[in-house]
Each structure stands twice: as C-alpha cells, then as structure tokens.
Amino acid sequence: MSKELMDALDLLEKEKNISKDSLFDAIENSLITACKNNFGKAENIRVEVDRNNCDFKCYADKEVVELFDDVMDPQIEICLDDARKISKKAQVGDIVAVPLNSKEFGRIATQNAKNVILQKIREEERGAIYNEYFEKEHDIVTGVVQRFIGKNVSINLGRADAILNENEQVKGEVYRPTSRIRVYVLEVKNGSKGPRILVSRTHPDLVKRLFEQEVAEIQDGTVEIKSIAREAGSRTKIAVYSNNPNVDAVGACVGVNGARVNLIVDELNGEKIDVINWDENPGNLIQNALSPAKIVAVFADPDEKSAKVVVPDYQLSLAIGKEGQNARLAARLTGYKIDIKSETQAKDAPGFRMEDYLDDEDYDEYEEGEDVAESSDTEVEE
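In our numbering, the protein residues as written are 203 to 584.
FYI, nobody ran anything at the bench for these hints, they're computed from the structure. Quick caveat, the model's predicted, so the values are computed rather than measured. It cannot be assumed that every hint is accurate.
The calculated lysine-lysine pairs, modelled on BS3-like cross-linking and capped at a C-alpha distance of 25 Å, are [unchecked claim]:
{"#": "1", "residue 1": "Lys539", "residue 2": "Lys474"}
{"#": "2", "residue 1": "Lys322", "residue 2": "Lys428"}
{"#": "3", "residue 1": "Lys539", "residue 2": "Lys507"}
{"#": "4", "residue 1": "Lys510", "residue 2": "Lys524"}
Sequences are here, hints too, so could you generate the full structure?
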C-alpha cells in the first residue's frame, strides 16, 4: 500500500505540478481530522509520516496518572500500568505517546479524511496553475478558441481557460472554435474557482512581444524597441534603435525580403507595420514617424511637446493618412502633438518664414527646388 501511495504522489507531482511536501502535509492533516472524527478531539493527536516510504503512524499524547480510577478523560489521560506497557520508564506526570490504530476509523471518519486530501489537491492545483500563468503575465501565449460566451471568447491555454473580452478583440477578426490563436496576457487574478486570465489581441505589446520572439537581434539586446503605437487590425508603427553601429535596426526587424516582419503581419491577419529608426533628435524622429510621407521641414518644441511640420502640397494627404491615422500614430509614437501643413498653407500662415525652419544650406537647396527632407537633418528648436 505504501508503494502504491508513493507512486500516486509521484504521478500527482508530475502531472499536476503539485509539490510532494504539500501532499504529505495534506495526508497528515487528513489523518488528524479522521482521529478527531473518530475519538472526538484532536488537540493531543500527532501524525508521523515517513516521506521516504509513505509509512505513517498516529499517536495520542496522554498524561500519566497513578491509578485507573484517577483517569478522568481517557482521551488525554492514561493510568501508570497501561503507560508502562508502552514505555517501561513512564512515570506519573509524564506524557506518553499512545499508538492509534487507523484501521479502527469509521466510514465517516475515513470519508472526511479523503475529502481533506482531495480539497488540498484542488487548492494546490489551482495555486500551481495560477503561479504558472502569473509568470506569463504581460507575455504572449498560444491557445485554442473554444466557444463564445456572449460577445466574449473563451480561449483554452492548456491547463486553464482565458477570456478574450469584446473590447480586446480586433474588429474584423473571426474567431473559429478549435483554431489556434496567439494572445497577450493582460492580467491573471487568483479566484476561488481557479485563476481568472484576461487576454488581448489589441494591446500594442502583443506586436512588441512578437518582434522579440522573431528577431534575434532584439533577443540579445543589440536592437531595442523604443516606442510603439498601434491601431489594432489596421496599422502599427514601431521605432527601433541599434546599440551596434554595424547593425541596421530596421533591416534586422524587417528581415531578408521582409521575411521576419511578414511572419508578424500574417499573425496579425494582414495588419500593416511600419518599422522606423529611433532618433534622439525630436525633429528627425517625427520625420521618420511620418513616413512614408516626405517632409520639407519640422519645427519641434521639446518643452511644449508639440511640433509643426511642413510637407509638399502633394504629400499632405499621405502625411495625414486615411482619417488622420498616419499623423495620429506618429503623434503617439513620438509623444508630440503634431500640426501638419502643406507648403501653401504654411506660406499663407501669418508670420511664416521658411528660413526659420531650415539652416542656410538647406534653405538654399529649398529655394532651388530640391527636396531637403532627405538630404540633411531637420532643424529642431531646443
């Protein structure tokens, strides 16, 4: 029986990720509960379990009194003659450990002991599952779509189910039962019925984690993701920086023939991704963020966190983007409030002077009709 019990504990530890020590504690507590149910009290009951072979013994600690007639409560007292059958050195006033026969436990006591063990196993299993997924909070996991609960989606993650709320779903995405899906773990809460896991498909860090998994240079720290802005299901802008001058940050993220970024685009069901170079100069960063539009000049105010941008007339709609998306994402990416004007609009604005936006060399090129946005750095007012 001891070998069978040990095998069962080994199996529980392996399959349920429950520590064997906690299971031994549960067995000890269950035996104490059984003693209490069988004998009426458990204050003086001790249980010893050999954790190497699962042998266990139950004892009742009883005080030794001189005569049998002096025993007022047989549950906690024992006469000297009976005590010396257990220990020949027993004396009046000593505490003697009296062995209890667990086979005498009644059916109810045995059932209660079983319930204590099962309850402990359930608690430990919930705790192990909670700890497993709490470590994955703010990371991505792969799950299987199970069913719809109203407008929410239940996702099976293996040992636990997660909830993809309606506001964390990407508009236009179709979630079919049994299909595999990658989600970002927003929050893991410990509840009475097990962990409650909330996941997202819209969070910007979902894209960030996908890049971290796909791009080796990000994993080893050569390339850093400095900022990210996302409108889920439509477009994402991500700013990257290389700590190694010999490594092109954008090229590393895009991959050969776009192989790396295309894997992420496929995972996001065709969402467009713009990868740009991070620059400590706000003007240069804003110019990069507004790509693919070409920029004539940028006037940035770091104190106010605002910027005025001038673009060619034919580039205005491209810079702003459909329904203002390009400008909106650029503003989130850079942290600047961006005001975009065409050259015509800027020239018509009171007090506008292009020479205030450009240095002398760039202004001369601008006067000659050349595109200065790509030939030099954009001047920034500090």
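Right, here's what the structure says about each hint:
no., hint, result
1, Lys539 - Lys474, "holds, 23 Å"
2, Lys322 - Lys428, "violated, 46 Å"
3, Lys539 - Lys507, "holds, 6 Å"
4, Lys510 - Lys524, "holds, 20 Å"
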